[in-house]
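As they're listed, the protein sequences go chains A and B. The opening position of the first sequence corresponds to residue 1 in this note's numbering, with each subsequent residue numbered one higher. The opening position of the second sequence corresponds to residue 1 in this note's numbering, with each subsequent residue numbered one higher.
To be clear, the hints were calculated from the coordinates, so they are not data collected in a lab. All values derive from a computational prediction rather than experimental measurement. Where is the CB? At the ideal position from N, CA and C, for every residue including glycine.
Using 30 Å as the maximum straight-line C-alpha spacing, the simulated DSSO-like pairs for lysine-lysine come out as follows:
1. B/56 <-> A/41
2. A/98 <-> B/60
3. B/77 <-> A/41
4. B/60 <-> A/41
5. B/52 <-> B/68
6. B/77 <-> B/56
7. A/98 <-> B/68
8. A/41 <-> A/66
9. A/20 <-> A/55
10. B/68 <-> A/41
11. A/20 <-> A/98
12. A/98 <-> A/64
13. A/14 <-> A/66
14. B/52 <-> A/98
15. A/66 <-> A/20
16. B/52 <-> B/77
17. A/98 <-> A/41
18. A/41 <-> A/64
19. A/14 <-> A/41
20. A/98 <-> B/56
21. A/98 <-> A/66
22. A/41 <-> A/20
23. A/14 <-> A/64
24. A/55 <-> A/14
Reference excerpt, derived from the structure (chain B facing chain A, CB under 7 Å, subset only):
25. 43
26. 44
27. 107
Here's a subset of chain B near chain A, in silico, CB distances under 7 Å, partners left out:
28. 46
29. 104
30. 109
31. 110
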Amino acid sequence: GAVVSQHPSWVICKSGTSVKIECRSLDFQATTMFWYRQFPKQSLMLMATSNEGSKATYEQGVEKDKFLINHASLTLSTLTVTSAHPEDSSFYICSASKGTGDPGDEQYFGPGTRLTVT
Amino acid sequence: GNSVTQMEGPVTLSEEAFLTINCTYTATGYPSLFWYVQYPGEGLQLLLKATKADDKGSNKGFEATYRKETTSFHLEKGSVQVSDSAVYFCALSDSYAGGTSYGKLTFGQGTILTVHP
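Next comes chain A alone, as it looks inside the complex (with noise of 0.2 Å):
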């Protein structure tokens, strides 16, 4: 169990327009959600933590307008990126979480969302 899916894998769009990434939890109810930026052979780092039904926080130096994150339910959470730029090409990573955020708790990752801004 505590399967995370993303979707799409991978996505190509130009510049100025809007895309946006879908973060499930398949198979349990996710009380919280983060979003993660991963850059070639480098570290994941965290962008914002998200609670089902109340706003998302935002890591310092992340734009909140450029990345509008939303927490609908306790099994999707979606980013999108608006008037995505060439610099917004990355790797984006959700983790799912059962619990309250508190720091036992495990985070279960998805695959992953390759975008390519053109």
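With chain A fixed as given, assemble chain B onto it according to the hints.
Coordinates of chain B only, in the frame set by chain A:
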């Protein structure tokens, strides 16, 4: 702030060799410590974790002990296999509720492990 430092990679070993990947951390409170593994083409998976000092996490032959005195959580395996080839991430989740980092994972830079037959 919180930070995790892993040994630089990539690490290349022959099958059945001994593996150590060093990990040290700084944290505000009393963190939980994790090792995640990312196999080629797959998402990160929890390999093992420890939630308090002197705890030992273990799974699939891998072990790591939470050493508060040296702020370390080194990953070890006595005999690696080709199937262990992956990227390994050390991470911490802080327990300091008064800070803004409560419950969030901070990752090290990842270590690429390649095991040859």
